[in-house]
Every structure is written in structure tokens, then in C-alpha cells.
Amino acid sequence: MSIKEHTREIWYISDLHFDYAKNLTIYRARLNNFFNLVTSHPNVIFVLAGDFFDSYQETAAFINRLETNHVTCLLVLGNHDYWSNGQFTYAEILEKMEKATAMNRFAHLLTTGRIVKIDNQVFIGDSGFTNFFYQEKPTRDSRTGEIIVPPTKTASLDDFGSRFVELNQVRNWNIKNIQALHERWITFANKQISTTKNLIVVTHWPMFADAPTSAQDTWWQVKTSLLKTNKFWSIYGHIHRNGLKAHDASVQIGYQSTNDFSSLRFGQLIPLSSSRSLTAVGERVRQHQTFQLEESEHSLMNPTRVSRSGYRRAAHADNKKLLTAFLDDRKQLFDDLKKKAGSKTRPLNGLLDVDAAIMNNMHDDVLDALKVLKAGYQGNVFDFYTALIIAGYAYSDKLRYMPKMRPVDIYDVTREYMELFTLQYFEKEIDIHKKFATRASARKESRLMVGNIPIKFPRINGHEVPPASLEGFQEKINQLMDAPKDKQRSFQIEGPQAPRMTAQVHNDAEDFIARYNQDRQPNIVAFNQKGMHIIADRGEIEGSQKISPKNLQQLWTKHPITQLKVGMLIHHRSMGIGKITKIIDSEKGQYLADFSSKKNVELFTANGLVSDQIPKEYEKRIE
1 MSIKEHTREI WYISDLHFDY AKNLTIYRAR LNNFFNLVTS HPNVIFVLAG
51 DFFDSYQETA AFINRLETNH VTCLLVLGNH DYWSNGQFTY AEILEKMEKA
101 TAMNRFAHLL TTGRIVKIDN QVFIGDSGFT NFFYQEKPTR DSRTGEIIVP
151 PTKTASLDDF GSRFVELNQV RNWNIKNIQA LHERWITFAN KQISTTKNLI
201 VVTHWPMFAD APTSAQDTWW QVKTSLLKTN KFWSIYGHIH RNGLKAHDAS
251 VQIGYQSTND FSSLRFGQLI PLSSSRSLTA VGERVRQHQT FQLEESEHSL
301 MNPTRVSRSG YRRAAHADNK KLLTAFLDDR KQLFDDLKKK AGSKTRPLNG
351 LLDVDAAIMN NMHDDVLDAL KVLKAGYQGN VFDFYTALII AGYAYSDKLR
401 YMPKMRPVDI YDVTREYMEL FTLQYFEKEI DIHKKFATRA SARKESRLMV
451 GNIPIKFPRI NGHEVPPASL EGFQEKINQL MDAPKDKQRS FQIEGPQAPR
501 MTAQVHNDAE DFIARYNQDR QPNIVAFNQK GMHIIADRGE IEGSQKISPK
551 NLQQLWTKHP ITQLKVGMLI HHRSMGIGKI TKIIDSEKGQ YLADFSSKKN
601 VELFTANGLV SDQIPKEYEK RIE
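The sequence shown begins at 1 in UniProt numbering and counts up one residue at a time.
By construction, these hints were calculated from the structure, which means they are not laboratory data. Each hint should be verified, as a subset may be incorrect.
What the hints assert, rightly or not - DEER-style ranges, computed between Cβ atoms:
1) K197 / F106: 22 to 30 Å
2) F106 / R140: 50 to 58 Å
3) K338 / Q57: 52 to 60 Å
4) P454 / K339: 37 to 45 Å
5) K245 / K331: 26 to 34 Å
6) K371 / D431: 27 to 35 Å
Keep in mind the model is a prediction, meaning the values are calculated, not measured. No residue lacks a Cβ here, since even glycine has one placed at the ideal position from N, Cα and C.
Turn these sequences into a full structure, and let the hints steer you where they fit.
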């Protein structure tokens, strides 16, 4: 079966278990919200990897509804989708489903023998099932020390017990029949894997998860003979755990009784951008910096809030481990960081997984931070200490949190510098291999001034440096403060971030005016403040400047951003004015934009101002 379509994004998900919601209202909301979502993305190919209902009849009706609504999708049946209260066997349900979907033009049920081609991507799939093979973990002979590798075994019906729910839901449930279905699928799939280009393999059972080590595990994991050539994407479900390893991917919902599916998160395979750019050492590190200097009358963080944040970041336990490793053995630290950065997931068949792209960005961020650390200060204390903070995520095995990382500001760098300086100053008095506690100094004179905001010296295990020792660093800060505003470094995060919510109201209205005044031309301006996406009319804004800033709070949340559009203006702090060229994920506010200095930059709405109109004075700059 071949379908002529333009190259589209592929969104995948599994184990929706619509009917696990026992509340009828939530159950109906789940279905309606799901269909509202998929029908609002007509240019997306959806891959649904099984377990929709605890009934083959409801699953059949679900597939029919997808077909009726012209939702382009590829589906496989999960084990729950075969349930018939013991009326039918797996083979009988398969036959019914294949007949019911044989003429479908949009909702394609993948079973052994079926091949669907959409543009240049070829899809095959099946439930996949299991062969019930397992191998217990190796043991060591206590007498000889020899490693004993147990033989491969096959699970039996007795291993699952009489309470195994499948026994009552599927007629004549037995291991031999299921093994036959699995082997039939493997034979077909291996032939396609060997001969087909641009292949995407969809199964419910995971074909490449860890091999089972017990009889009970064989229902969830498969010791398969499916060829692993690293030339195709594999999408799976069943185990209720998200996964992304090499080119095997899953996003699984699992058993959720109260989720109404109003904000489902799909995995995404997206076509590759044709544009690639090289970055200089430190450039990726700087994308995690923001050195806008905060004044108390125009601040996101007034002096009290800056002071209260204290040494939470610089003195965090994970950061202390990094500082200890840095002072102890830098070469070993650098080797560890390179390993912990992990390997990158390469594009395959013209597609790249969005989550893999985010992980790849983090990989690049850590390696760039490593280059900065190896180079040393090089006269740029800010890059160096930002790199230290980035490296801390990798060193503590918490790279997954980096997309939510708060930009490193001048206050973070000041505290990080002073903490490391103090540890080096008191290297004989403070044993870095033992627990050390960092507190802000209580002495009035023990502080640096960043603008008009005092930053207290750290007091580590009762030790704090004399004020004179940090006069040089105070001079660097003063030089930055004295620089003209247009010469001050002002960086903003450029890499992917976690979606920002619109729930909270920020109460420093002055910031709004200050940021808006950077670009007064667009009729409609949208921007981000402390995790909020806000949009407002220019005339309304200009009129509101005559009002007390405290009265602007209602205006700020009056028009929340609902949808990005191609052609909107993006005002990025470091790259200037650009134009949105592609929407990657409107729900996350994720998009591509072109700037005069760089093309196809991946951004989120949190990265800058966005407008639905391009001022004429900017059009020539961004062509």
C-alpha cells in the first residue's frame, strides 16, 4: 500500500488505556480531547503502538473513528486490544481486525504481512508478541571463581499462575500459539529489514529491551531474533515506561485514572533541517547565560529576592561534588565529564527524534563547557564559571534536568567564583573530601556589590576570605557595570527548554515596560517573563504607561499566547530580529527562526519577544 504525501512529522504514543478511567466523564473527555488533538494536526502522521481498550470491539470502533475523521495513522494491537471475555483466540481477533480495516485509507492497522508506504517512509508492524525465552543472570562458582552462564529456558503456563488475566480474556491462551505468532512476525520483519530502506518498525511488545531473566519477565520483555541493523526506527509500547535508546523509542501513557488527556505529550520524529552551523568554543556555554544587570527599580529580582536566593545554587550538594573533583584531579574530572556527556543519537533515514535532539544539544553543551574548563579563565571569568555550572549537571548524572535549567546570571557567577576562591584560599584548613557547609557571611564588610545589590561572601566551615582578597574581582564587576548598556553582554538561552506555563502573575510591572521598549514597532507583542507567555496590543501598552505599574498586572495576563504562526517576529536578545520559519511544537512554543547571522535556529517562546507583524525597518535585516 502506497500513499503519496509530502514529508511530514511523525508523532508516536502507546498504552493510552482510554477505559482505565472509571469515571465516565473523564473517559469521554479522554476520547474527545484525543480526537481534538489529532484532528487539529492534519499534516502529522500518528503512530499508535497499542493498548487502547480492554475490548477488541471498542478498539475496532476507535480505529473506525480515526478512519472516519481522516486521521493519518499507523496502529498495532496491544495485548489488551485482543480481550474478548474468552470468546475468541488471538488469531481470530486478528482475522476480524484485518477484515474490518482492509479498505482503510487513513487508519492503517499494521499486522504481519502488511506494508504501508507514506512518501519515502515504509511502515511495518505487528503486536510482536513474545517467544517466552529467558536466561537467568550468570553466577560465580564459589569454589573456582568461574562465571557460570545459565542456559536459555522457556516459560511455562504454570509460571504465570491461574490469576493471569489473559487466561480469562483470550480463548485458548497458550504459549505455543503465541510463540508461533511471534516467529511468523519475526520472519516477515527480518525480510523487510534486510531489503527495505527508510523503514519504521512498530510493535506493541518491545523488541529491543533488556532480555528477560525470569519466566514472569517474558510477558514484558522479549529475547528476540529480530535483526538489529541500526538502519531503521523502532517504536514500541507495553512496558509503561518511556524510552529512547539509539533509534528505539517509546512514549507510553500507562494506567492513569484521572488524566483527561487534555495535554498529551507525543514522541516526535521530525524531518531534518538542511541547515547546519558550526559554533566557536564557548558559544554554547553563553547560550545559558544572562548578564542583564538588575537594578532595584527595574528588576526581575529585587535586592531582597537576590539575597534570599543565597548560595542555593553555588553550594548545592551536586555542585560541591563537582568543585571537589575540579580541585582534586582535573584530568580525571574532564575524562569523567566526556563519558557522562554520552553519545549522540544520529539522524536516521532523514528523521531525528525531538527528545534525542534535546539530548544531543545537552551533549554539545557539556562538551563545549569542557573545552572552556580546559582552556581555563582566559580572561573570561563569566564563561568559565557558567561552564562549571553546566558541567555539574553531567557530573551528577542529571542531564535530564538541563532543559529546565535557569539561565546563569551574574549573581550565580559571583557566588560560584567566591566559593571556589574560598576553597582554594583555605585549602589547608578545609578538607574538601569531607562534608563542608557554605553559608552567607554575617559580616557587613564581607560583600561584593553587583550594581546596587550586595552579594555576601561565602563562609565555609567557619572560614571566609578577607575583603581585600576579592578586590580584583570587584574591579571586574565594576568594569561591567560602568560599560554602556548597549555594550553589556546580554545572552539568552537558545537551546530547547521545558515548556513554560502561564499560570503565575509577575508583580514587577516595571520589567514589562523596560523589555517592551526594546522594540516598540509591532502592533502586537508577545514575550516571556518568569515563565509566563504574554501578548498585548501596542496601543493598549502605550496608554498603560501612564498608569501606575502596579495596575498593569491584569493587562499582562489579559491575552496569553495560544498559537505561534510562521512569519511571526522573534526578538532574540543576542541575535536581534528574526522571523519564525517553522513551528515544531506549538503546544511547547517550539519553533525554528531565521536571523541575519544564523538560519534555522531552534527556539522556544521563552527565548524572546514574538510578534505577528514584521516592522518594515526590520524586513531587510532578516531576508
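Go ahead and decide if the range 26 to 34 Å is satisfied by the Cβ distance of K245 to K331. 30 Å, holds
Could you tell me whether the CB distance from K338 to Q57 stays inside 52 to 60 Å? 54 Å, holds
Can the suggested window of 37 to 45 Å be confirmed for the beta-carbon pair P454 and K339? 40 Å, holds
Pairwise beta carbon distance, K371 to D431, judged against the given window 27 to 35 Å: 31 Å, holds
Taking 22 to 30 Å as the stated bounds, is the beta-carbon spacing between K197 and F106 within them? 24 Å, holds
Check the following: the C-beta atoms of F106 and R140 are separated by a distance inside 50 to 58 Å. Check passed, 56 Å falls within 50 to 58 Å.
No hint from the list above goes unmet by this structure.
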